[in-house]
Amino acid sequence: MGKHMAAISQAFADLLQDTETGDARVLKKAKRAEKKAMKKYIKAMEGEQPTGEVNEDDEVAEEEEVEIEKSKEKRPSSSKKKHKKNKKTVEQAVDDELIVNLKANLATELSTAAKEEQEAIMERMKSHGTKIDGERKRQKDLLNERL
1 MGKHMAAISQ AFADLLQDTE TGDARVLKKA KRAEKKAMKK YIKAMEGEQP
51 TGEVNEDDEV AEEEEVEIEK SKEKRPSSSK KKHKKNKKTV EQAVDDELIV
101 NLKANLATEL STAAKEEQEA IMERMKSHGT KIDGERKRQK DLLNERL
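Residues 1 to 147 in full-length UniProt numbering are what the sequence shown lists, from first letter to last.
Treat the hints as calculated values from the structure; they're not laboratory data. Just so we're clear, the structure is a prediction, and the values are computed from it rather than from any experiment. Treat each hint with caution, since some may be false.
To be verified - Simulated crosslink set (DSS-like; lysine-lysine; CA at most 30 Å straight-line): (1) K126 / K137; (2) K140 / K126; (3) K103 / K39; (4) K115 / K131; (5) K103 / K115; (6) K126 / K115.
The task is simple: from the sequences and hints, build the whole structure.
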């Protein structure tokens with residue numbers, strides 16, 4: 001059972017590693033979210049507005065930035081035939097990044113738990129083996145005494 005859990009956790013960790021390196025759109029959105037958070041932090045440090053509030057000018061500028069980036073991207077002609085995917089907001093991109101981090105942490109915890117369980121099983125098997133060896137020796141001694 002421990003080996004099975006270790007194999008599952010390893011496959012899960014490999015899957016997470018593959019997904020982390022893949023999607024360029026998520027990386028762009030995460031960078032935009034980082035820029036936005038940095039702007040909020042700078043404004044808060046300057047005392048212009050508190051960190052929780054969002055300025056309408058910032059939202060408009062961000063939307064324009066997104067539109068400019070989209071227009072710069074070259075799309076293959078076949079993409080026109082495909083139906084549009086749902087647009088992810090910056091918050092969703094950040095949430096996705098957090099989810100990936102949580103999944104990675106879960107994978108490491110699963111792997112650690114599987115290793116610990118496997119070690120516990122091995123200890124039980126060793127103790128059982130010593131008991132069996134002791135019983136065999138005792139039976140052999142009894143047989144020798146009878147003969």
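Checked hints:
1. K126 / K137: 16 Å, holds
2. K140 / K126: Judged against 30 Å, a Cα distance of about 21 Å means the pair holds.
3. K103 / K39: With a Cα-Cα distance of about 29 Å, the restraint between K103 and K39 holds, given a limit of 30 Å.
4. K115 / K131: 24 Å, holds
5. K103 / K115: At roughly 18 Å apart (the allowed maximum being 30 Å), K115 and K103 satisfy the hint.
6. K126 / K115: 16 Å, holds
Figure legend: structure checked against the earlier numbered hints; every hint is met.
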